[in-house]
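> Next come the chains, spelled out residue by residue.
2 protein chains.
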Amino acid sequence: MRSLCSFVQTAGQLRTTFARKNTVITLRAFTASAHCNKYQAPKFQGQKQQDAIMATTTLKGQPFDRQTMDSMLRRRMFYTPSFEIYGGVAGLYDYGPPGCALLTNIMDIWRKHFVLEEDMLEVDCPALTPEQVLKTSGHVEKFADWMCKDPKNGDIIRADHFVEEILESRLKGDKEARGVKVVEKEDDPKKKKKKVKGAVEAVKLDDAVVKEYEEILAKIDNYNGEELGALIKKYEMKNPATGVEPSPPVAFNLMFQTAIGPSGNLQGYLRPETAQGQFLNFAKLLDFNQQQMPFASASVGKSYRNEISPRAGLLRVREFLMAEIEHYVDPDGGKKHSRFEEVKDVELVLLNRETQLAGKTHVSKVSIGKAVADGTVDNETLGYFLARIHLFLEKLGVDQSKIRFRQHMANEMAHYAADCWDAELQTSYGWIECVGCADRSAYDLTVHAKKTGAPLMVRERLDTPITIEEWQIDLDKKKFGPFFKKDGKNVEAAIEALPQEKREALAQDLAADGKITIDVDGVGNGKVEISKDLIIIERRTRTENTREFTPNVIEPSFGIGRILYSLIEHNYWTRGGSEGGDEARGVLSFPPPVAPTKVLLVPLSGHESFKPLLKHMSLKLRSLGVSSRVDDSSASIGKRYSRNDELGTPLGITVDFQSVKDKTYTLRDRDSTKQVRADEDTILKAIKALVEGEKKWADVEKELPAFEGQEAELPVREEK
Amino acid sequence: MRSLCSFVQTAGQLRTTFARKNTVITLRAFTASAHCNKYQAPKFQGQKQQDAIMATTTLKGQPFDRQTMDSMLRRRMFYTPSFEIYGGVAGLYDYGPPGCALLTNIMDIWRKHFVLEEDMLEVDCPALTPEQVLKTSGHVEKFADWMCKDPKNGDIIRADHFVEEILESRLKGDKEARGVKVVEKEDDPKKKKKKVKGAVEAVKLDDAVVKEYEEILAKIDNYNGEELGALIKKYEMKNPATGVEPSPPVAFNLMFQTAIGPSGNLQGYLRPETAQGQFLNFAKLLDFNQQQMPFASASVGKSYRNEISPRAGLLRVREFLMAEIEHYVDPDGGKKHSRFEEVKDVELVLLNRETQLAGKTHVSKVSIGKAVADGTVDNETLGYFLARIHLFLEKLGVDQSKIRFRQHMANEMAHYAADCWDAELQTSYGWIECVGCADRSAYDLTVHAKKTGAPLMVRERLDTPITIEEWQIDLDKKKFGPFFKKDGKNVEAAIEALPQEKREALAQDLAADGKITIDVDGVGNGKVEISKDLIIIERRTRTENTREFTPNVIEPSFGIGRILYSLIEHNYWTRGGSEGGDEARGVLSFPPPVAPTKVLLVPLSGHESFKPLLKHMSLKLRSLGVSSRVDDSSASIGKRYSRNDELGTPLGITVDFQSVKDKTYTLRDRDSTKQVRADEDTILKAIKALVEGEKKWADVEKELPAFEGQEAELPVREEK
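Residue numbers (the UniProt record's numbering), protein chains in the order written: chain A, 1 to 720; chain B, 1 to 720.
Okay, chain A solo, but in the shape it has when bound (with noise of 0.2 Å):
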């Protein structure tokens, strides 16, 4: 719908682009200016190859193709480009039935996890945003790409993209004519047919070009607008596409604007987080919580962002489900959290700074208890989180083998930020950040206490009063107001204003000269001499019986679409030509919990007398609240089966003509297509205990008898 810059996206630039992990955007333009130049090890070149090996291989160890794949999930439609009958929108994605189901599985798995297990209070807040809330936040002035236009052909070319595939390319020309075999991996037919503009030349490189080159790439992500466009210059980039040099970088903000209201004065955002709305109500929410800390709120919802190319499908999209929990706990104590004897021993992929800075990219598992004791991990509640987010993804069924926690550099985290770990999940576009797992400090809540007066804080009995030593102030109140007349209360706010470092030098002041001059605005020429007979500046004891604080904030944020998607990736694998059928068929391995439908119903045929046998399995598996869906449709149940195990639908019950006869029915593994044969109630039974996870398969097929029947067959055995 417009011109696009025609760049491949690669595997290392999705790393470090997402959500809260947004921080990562934000912080890139918070940060770059202050931290770039800082983080130069060459690392990622070398893993990024190896994870693309790695990412090859589907659930069984086959070769990974992602575009069949990608088609698989077109025909079922799991997800499809919005609005592709007006010609699609990039980065705007619908799901389909099987999607749909999919995210809400995920997501009610998501609530049981965290927000029932915990006790959380959600929220639900308006994508719709006042500027006032995001200029507080920092978003408005920060929250940016660098972004350069072709001056010839009007392309919009995000800088920092632009940079990495040249270099890329050129990269690869030197290998090329240095007769190092490259391998081209290419999924998207689109992106094949617009990469021949760019193609790849042949041109050996001089060693010392190469390493610098590798440096750059190494450090991509930390460069500000002006770099990037230095290094443009530099190395005299050029628009594949033109020929011509692209424009000098400017910063665009991701932001999508609006107005509010029809005088069109209020100007308005659609949010790029659900975190400031959760902040916004922390008070009230404290309230709710009978003023107990710690608490959680959560959110779950659509957040914006007007990414300059969105590519990788639903990886990089503007519009996206997003769930993200804000743990408010005291700073003082070390941030213990009392449940964290509960998950000590919970072991997990550690991809610390120092790992990093070191090259390497495979670690072995340590425990989350060792981890906080050796400091790896700053914080018990920190870790806390880690931990459960990891019991979250593997609940879902993400390959264990697929998921590591990488620490953000320092330079890479947002300025107020302690501690930030993003869960990544491996993919074939390597190394997905899906969720963040930040410390943010009390920066939030700091900066909109700040902005409007609310006490966004808590206010703590103390068990133990504490003593605090201070300058004190007192008036002779009977001169004081008589002296200073209608000026009277401007003159004793400012003295009360004095902050405790000018108090004890007006002490010092009044005690040399026996009189003080302070700053009062409005009131003669703005200087107020006050003479002793009228004050008193001493240093004294007071006892306090509260504490106030500012909580901080843990923040563990998830982007749905990319679990999502990468949970499809992780399930999928092909089964060849052994069951029927000449060509590798998909198969989707979903745990039944996630799985879209859980049950499969297909009738041998169209015949009258399976109807309400149909009928009757279906009503009793709803009552049971297990989804089911009939297939009655005329292709052979080889077929039925084949176009559910794309669907990822893990059991399938077969009705023939012994289940009119005797009520028997069959009971069919999606994974490996093995069937028994019960009544109807152990059939059922089996297939609760499937669903909720009670049992696996292998029971199943170890307690009841076998079905051997062909699929298309009369079956003619007796099973009583």
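Be a bit skeptical, because a hint or two may be false.
Copies of the same chain look alike in the list, so a pair counts if it fits in one copy or across any two.
What the hints assert, rightly or not - Keeping only pairs whose Cα atoms sit at most 25 Å apart, straight-line, the calculated DSS-like set for lysine-lysine is:
id: 1; residue 1: LYS479; residue 2: LYS489
id: 2; residue 1: LYS395; residue 2: LYS370
id: 3; residue 1: LYS451; residue 2: LYS135
id: 4; residue 1: LYS661; residue 2: LYS685
id: 5; residue 1: LYS688; residue 2: LYS620
id: 6; residue 1: LYS685; residue 2: LYS112
id: 7; residue 1: LYS233; residue 2: LYS175
id: 8; residue 1: LYS639; residue 2: LYS284
id: 9; residue 1: LYS302; residue 2: LYS112
id: 10; residue 1: LYS615; residue 2: LYS112
id: 11; residue 1: LYS695; residue 2: LYS620
id: 12; residue 1: LYS515; residue 2: LYS527
id: 13; residue 1: LYS479; residue 2: LYS527
id: 14; residue 1: LYS611; residue 2: LYS112
id: 15; residue 1: LYS620; residue 2: LYS696
id: 16; residue 1: LYS336; residue 2: LYS611
id: 17; residue 1: LYS615; residue 2: LYS395
id: 18; residue 1: LYS211; residue 2: LYS172
id: 19; residue 1: LYS344; residue 2: LYS615
id: 20; residue 1: LYS611; residue 2: LYS344
id: 21; residue 1: LYS663; residue 2: LYS615
It should be emphasised that the hints constitute simulated quantities derived from the structure, not laboratory data.
Start from chain A and add chain B according to the hints.
Relative to the frame of chain A, chain B by itself:
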């Protein structure tokens, strides 16, 4: 945050502007010029007054006090104005924890009742929508309200509301002048303050003027901008805030606008309804459904309307949750529904057009079977959904005496709609349109197909092929090609495109003149002569094995926020001083499946021995899928139960010293405050049956021994 006109919303205004129901807004704009002045019954005046009286009672028949209820809802954080610490934005609300749980439960019941029950195909589409789509649907041009500006203070005023308020105020003044007592009902303190400016003046009007005013008010929804402007001029209406006449009304489009992508060239809007995303996917969905008709798609998501001056809390907001169903049905064969039998005895209050025109507002219930049979409701499919909507609202716990279905007047409907009924719920704001159910005919699919060329239609294999008689054209290809040479293709295409009427005329020409002349763009002078040796035009019969048609759409469209608010009002009542405390205390008697939390767990005191039992029961309930919450605060048991009555928690378990001894617990019923006592398993079983709706409290009370102990006392009775 901006200056808005201060007129108070009255009941009648809300009725007519909701969701797709916003076809109402839509259609008011769509149809106003064509239809205005046709609908003149001055009935709504009487209706409004009667409604206002009826709505002022609670579930228990007490006088309804909205201010008290609102303050309770805010205190318990059901919902709260968004961005309140920044001063708030009109028409935007946050849902707090109980509000979120209520929303989740309503949506869960909705999904089971509609989507799962009928295997509807759920889709999830973005709110961001490119302009083209909404141009085709008619929203860009016509989704607007009429807006005036006060030239003195810049106030922005919604024209129809302005006229209505001014005239109502004058009629009130007239009544006062005539000595008729007018009861002022004020709910919101803010409104009260503002109202002062436009205070009612007791001025007697001529009888003829009163009649004119009443007639204008009766058809207030039907005026277009020019007519509203003329009324303002004619009756010299001034903005009470300034004493100045507002500027002539201009159309204000209610969609939020934004630019998609970095170039700013792709104009977009936030969708005003979820329907369009579903229509655009029609071909894919039909495919997914294996070409089987009828079927339905469904969508749940936020929609956006930039209301000129939103008021009335959750009832008119700028961002709101919608749930929409698009049921696609063959327009031929009377739109039968295969499951109509199942609902035909459901009885509804149906306020059809004739009844409304006769000025009646209360009619007896009638079975939907009868209503479809006698033509009150147009067809079975529409009737089926009206009954299903009714059953859904009943399931949620809506007051049965406060539901009615009101048919749209002919001039109130969108021009493409065949019929439209609103499910209205009675509240203190009057009758509120909560669900719209329209027969949208083939309008949307037709316009999108026409615009994009996408085949948004059904191809149906005919069991009995049909024969079609038509004018067919044969060309003598051997001569034709050489004769026209390079123009051959163009001429042939022009011939193929000839419509039937034209062919008939040409056949006559050919017979008469031995040649025909047709228009062919780009060939010679645009006219081409063809002689009879090249062409034959004959009337012949042809056999068709398939039939193509564009389905009609029956659309039930749910405004979830409005349903939620009405549900709260319907279930609200107060408990007097009898049960502890002096003030009347609020209770929300939600049915257990809807209630935000199902069970409150209260320990008698903070005694250590209670803690393991609380944890144990809490885990037990969770494993049953029953949400619970522990309140171990230091407040008295009575206070803690009161708090949870306000939250609508239906059941309470008290853990006391007896529980520690013998593992028996008391179970309390929110509505009666009665308690029973039994062992753990019995209590859990009772809870599960109550929460799943299998039992009522009366059943449980009969089966289990009553517990009469004082709430704060140590129970001494032996149960076993």
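> Compare the structure with each hint and give your call.
Each hint tested on the structure:
1. LYS479 - LYS489: within (13 Å within a copy, 107 Å between copies)
2. LYS395 - LYS370: This pair counts as within: shortest intra-copy Cα distance 23 Å, inter-copy 51 Å.
3. LYS451 - LYS135: Answer is within; shortest intra-copy Cα gap is 10 Å, inter-copy 41 Å.
4. LYS661 - LYS685: within (21 Å within a copy, 36 Å between copies)
5. LYS688 - LYS620: both (11 Å within a copy, 19 Å between copies)
6. LYS685 - LYS112: both (23 Å within a copy, 22 Å between copies)
7. LYS233 - LYS175: Cα proximity of LYS233 and LYS175: one copy only (24 Å, versus 80 Å across).
8. LYS639 - LYS284: between (56 Å within a copy, 20 Å between copies)
9. LYS302 - LYS112: both (20 Å within a copy, 23 Å between copies)
10. LYS615 - LYS112: Classified as between; 17 Å across copies, 31 Å inside a copy.
11. LYS695 - LYS620: Close inside one copy (20 Å) and across copies (20 Å); limit 25 Å.
12. LYS515 - LYS527: Within. Shortest intra-copy distance 13 Å satisfies the 25 Å Cα cut-off; inter-copy 106 Å does not.
13. LYS479 - LYS527: within (19 Å within a copy, 107 Å between copies)
14. LYS611 - LYS112: between (37 Å within a copy, 22 Å between copies)
15. LYS620 - LYS696: Both, since 21 Å and 23 Å are each at most 25 Å.
16. LYS336 - LYS611: Between copies, since 21 Å is at most 25 Å while 59 Å is not.
17. LYS615 - LYS395: between (32 Å within a copy, 23 Å between copies)
18. LYS211 - LYS172: Intra 13 Å, inter 85 Å, cutoff 25 Å: intra-copy only.
19. LYS344 - LYS615: So LYS344 and LYS615 pass the 25 Å test across copies only (21 Å; inside, 48 Å).
20. LYS611 - LYS344: between (53 Å within a copy, 23 Å between copies)
21. LYS663 - LYS615: Within. Shortest intra-copy distance 13 Å satisfies the 25 Å Cα cut-off; inter-copy 43 Å does not.
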